[in-house]
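Use the sequences and the hints to build the structure in full.
Number of protein chains: 2
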Amino acid sequence: MNYTYEQLHSFAKKIFMAIGHNEELATGAADVLISADLRGVDSHGIARLKGYVRLWEVERINAQPDIKIVHETPSTATIDADAALGLIAGPKAMQVAIDKAKQVGTGWVSVKNSNHYGIAGFHSMMALEEDMIGISMTNASPLVAPTFGKERMLGTNPISVAIPTLNETPFIADMATTTAANGKLEVLQRKKLDAPLGWVQDQEGHPTTNANGVKEGGALLPLGGDREHASHKGYILGSIVDIFSAVLSGANYGPWVPPFVSFIDPVANPVGEGLGHFFGAMRVDAFRPKEEFLQHMDQWVARFRETEAVDADNPVQIPGDFERGMEAERSKNGIPVLQAVLDDLKELGDKFEVEL
Amino acid sequence: MNYTYEQLHSFAKKIFMAIGHNEELATGAADVLISADLRGVDSHGIARLKGYVRLWEVERINAQPDIKIVHETPSTATIDADAALGLIAGPKAMQVAIDKAKQVGTGWVSVKNSNHYGIAGFHSMMALEEDMIGISMTNASPLVAPTFGKERMLGTNPISVAIPTLNETPFIADMATTTAANGKLEVLQRKKLDAPLGWVQDQEGHPTTNANGVKEGGALLPLGGDREHASHKGYILGSIVDIFSAVLSGANYGPWVPPFVSFIDPVANPVGEGLGHFFGAMRVDAFRPKEEFLQHMDQWVARFRETEAVDADNPVQIPGDFERGMEAERSKNGIPVLQAVLDDLKELGDKFEVEL
Numbered sequence: 006m007n008y009t010y011e012q013l014h015s016f017a018k019k020i021f022m023a024i025g026h027n028e029e030l031a032t033g034a035a036d037v038l039i040s041a042d043l044r045g046v047d048s049h050g051i052a053r054l055k056g057y058v059r060l061w062e063v064e065r066i067n068a069q070p071d072i073k074i075v076h077e078t079p080s081t082a083t084i085d086a087d088a089a090l091g092l093i094a095g096p097k098a099m100q101v102a103i104d105k106a107k108q109v110g111t112g113w114v115s116v117k118n119s120n121h122y123g124i125a126g127f128h129s130m131m132a133l134e135e136d137m138i139g140i141s142m143t144n145a146s147p148l149v150a151p152t153f154g155k156e157r158m159l160g161t162n163p164i165s166v167a168i169p170t171l172n173e174t175p176f177i178a179d180m181a182t183t184t185a186a187n188g189k190l191e192v193l194q195r196k197k198l199d200a201p202l203g204w205v206q207d208q209e210g211h212p213t214t215n216a217n218g219v220k221e222g223g224a225l226l227p228l229g230g231d232r233e234h235a236s237h238k239g240y241i242l243g244s245i246v247d248i249f250s251a252v253l254s255g256a257n258y259g260p261w262v263p264p265f266v267s268f269i270d271p272v273a274n275p276v277g278e279g280l281g282h283f284f285g286a287m288r289v290d291a292f293r294p295k296e297e298f299l300q301h302m303d304q305w306v307a308r309f310r311e312t313e314a315v316d317a318d319n320p321v322q323i324p325g326d327f328e329r330g331m332e333a334e335r336s337k338n339g340i341p342v343l344q345a346v347l348d349d350l351k352e353l354g355d356k357f358e359v360e361l
Numbered sequence: 006m007n008y009t010y011e012q013l014h015s016f017a018k019k020i021f022m023a024i025g026h027n028e029e030l031a032t033g034a035a036d037v038l039i040s041a042d043l044r045g046v047d048s049h050g051i052a053r054l055k056g057y058v059r060l061w062e063v064e065r066i067n068a069q070p071d072i073k074i075v076h077e078t079p080s081t082a083t084i085d086a087d088a089a090l091g092l093i094a095g096p097k098a099m100q101v102a103i104d105k106a107k108q109v110g111t112g113w114v115s116v117k118n119s120n121h122y123g124i125a126g127f128h129s130m131m132a133l134e135e136d137m138i139g140i141s142m143t144n145a146s147p148l149v150a151p152t153f154g155k156e157r158m159l160g161t162n163p164i165s166v167a168i169p170t171l172n173e174t175p176f177i178a179d180m181a182t183t184t185a186a187n188g189k190l191e192v193l194q195r196k197k198l199d200a201p202l203g204w205v206q207d208q209e210g211h212p213t214t215n216a217n218g219v220k221e222g223g224a225l226l227p228l229g230g231d232r233e234h235a236s237h238k239g240y241i242l243g244s245i246v247d248i249f250s251a252v253l254s255g256a257n258y259g260p261w262v263p264p265f266v267s268f269i270d271p272v273a274n275p276v277g278e279g280l281g282h283f284f285g286a287m288r289v290d291a292f293r294p295k296e297e298f299l300q301h302m303d304q305w306v307a308r309f310r311e312t313e314a315v316d317a318d319n320p321v322q323i324p325g326d327f328e329r330g331m332e333a334e335r336s337k338n339g340i341p342v343l344q345a346v347l348d349d350l351k352e353l354g355d356k357f358e359v360e361l
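If you're matching them up, the sequences are chains A and E in order.
Counting the first sequence from 1 gives a position; the numbering used here is that position plus 5.
Counting the second sequence from 1 gives a position; the numbering used here is that position plus 5.
Hints are computed from structural coordinates only; laboratory data are not their basis.
A portion of the hints provided could be inaccurate.
[Unchecked claim] Only some residues are given here: those of chain E computed to face chain A with a beta carbon under 8 Å:
| hint | residue |
| --- | --- |
| 1 | Val58 |
| 2 | Gly110 |
| 3 | Val166 |
| 4 | Leu198 |
| 5 | Pro201 |
| 6 | Gly210 |
| 7 | Leu228 |
| 8 | Ala235 |
| 9 | Val252 |
| 10 | Met302 |
| 11 | Ala317 |
| 12 | Pro324 |
[Claimed, not checked] Facing chain E, from chain A, some residues (calculated, C-beta under 7 Å):
| hint | residue |
| --- | --- |
| 13 | Pro79 |
| 14 | Thr83 |
| 15 | Asn215 |
| 16 | Ala314 |
| 17 | Val315 |
[To be verified] Per the computed footprint, the stretches of chain A lying under chain E, defined by three or more beta-carbons under 8 Å from a beta-carbon of chain E, are:
| hint | segment |
| --- | --- |
| 18 | 110-116 |
| 19 | 147-158 |
| 20 | 279-289 |
| 21 | 299-310 |
| 22 | 321-329 |
Built from N, CA and C at the ideal position, the CB exists for glycine as well.
Given below as structure tokens:
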């Protein structure tokens, strides 16, 4: 069944208020959450609402957080999110990065004591209207084995980079540093299909096509899939995200990252506070006149769109095209919500006396 | 035959002086070039010396460059390398990034009008002794097809990130954003071996195991190899390097990047000047007290080293382990130089009256 953005946003906002957020914070959190549904990243949208509520129930979410800068220089800040929803801490931290960039050209913010922050791209895209390049990354529940390892040591640790243009569509990359995001596996699980080799390994660390391999004690594989296809590079990228997000800020890193699923307790002896994010903003006119940059980005995008394709019906895409297409389609026709998700929302609605 | 670091360094320095560099510049260029041989990245070391000389012969290298900042803010700079060797422009630009970081926490420098800058890791590692995180990237000759494309649009566009530790080995990543660097293909070509699928596509854009596929009109593949294994993520990474290095600075980007090989002329209507690099330096104490950061990095490295391995004889590595091992071995036993490379060096030596 399809719902409008406004319907889902209003429902999520009311739930966030029901667990103690004021209207401003609840609106901000719903903005981030439902942007995922609008942009076609269903795994990170309204389907996660129940998960956030569960974290609140086990007292891992503070609905009245005092989010504050605990360390700074003219171009940097470290923020203690005070156990806020990452959906709330993320935009606040990105705004600090943007404000610093206005002052000294660039701003870089590492965040500790946070939780899952929704889609990475929401935060990086905040920079676009300021004619800045936006960067956003976060660490996440350990599900990924490093090359040669069988232990889960890293999250899917996404990186998003948003780059403004003048008239062309902006460049908006938003990617997990694994071959496949966990959401893609869930699709295969529902359809009872196998996964391609290179996505998952089993409990012994051997390649498997079992789409349930991660649930059965295996691990997601870093981008590349195996050593011959350079999975060490995916491992490197996930590690950089982990270190920038958590070792710089004082959050938990690697296998210590508290899991999003509330039925697994965080490890007993944490090395930091909550999980971590990292944000950056760079004014394009800190490097060259703004118009020059934007015109050349237009030319970059136009030229890459014109790349001679292997198959003329399947043209080369610009990062962000998929999400732009989904947003256009869903703004018009509404956002489809799976029955299993509707059941969860019904349950939440009953509990907090909110109607969808 | 094996040579010492000093022998190769002295030879390279004399050649750089013979083509017009003063002693200081020639020494700096040799420092970068021969560090590649020492660290086991043979494709980027003394084997390239002849290539740099050829670029000078076709007047694409300025041996007396006026490298200068053309645009800046407290945390950023754009540098015009004045057609210097990238081996010379790179360290100068990285030093500007470090100096800015000392002032305002971080420094970010984009460079135009440059040439090939050797191994990316030389530059990022300059930050380590300052207790900073170093970042280095560069665009390069177009050899890589974007996902779904058959045209060569991007270089192997490497990214290096160096992160300091207290007592453990530092984290030093240095990776091409393709599945395999071109140097790995050259090894297979010499041994007349096939390449794994996912490294190369042929002229029609179809996957091939032909290690000569790129030379025969095909292309290198972005990290991931094919769409099912997320090659669009490698394409994204290579694109970000291209944009940060060249659209920010005013260098050539994408298919306009001037090729390193001097027998292919740069394209007739360039969109910028030379090729581009991008450097960053972040003071770790711009985010939290230095000792805290370094101790947690030690713990990060130690914990990842202890990851349960699939095969106990093949432990999980920390980025930089390979190069550290090579450097230790070659410092002791010397640097092996292939006969084909020695022939080139002999020819260069004869031309400029320099002996190896």
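When the structure is checked against the list of hints, which entries are broken? Sort them ascending. 1, 4, 11, 15
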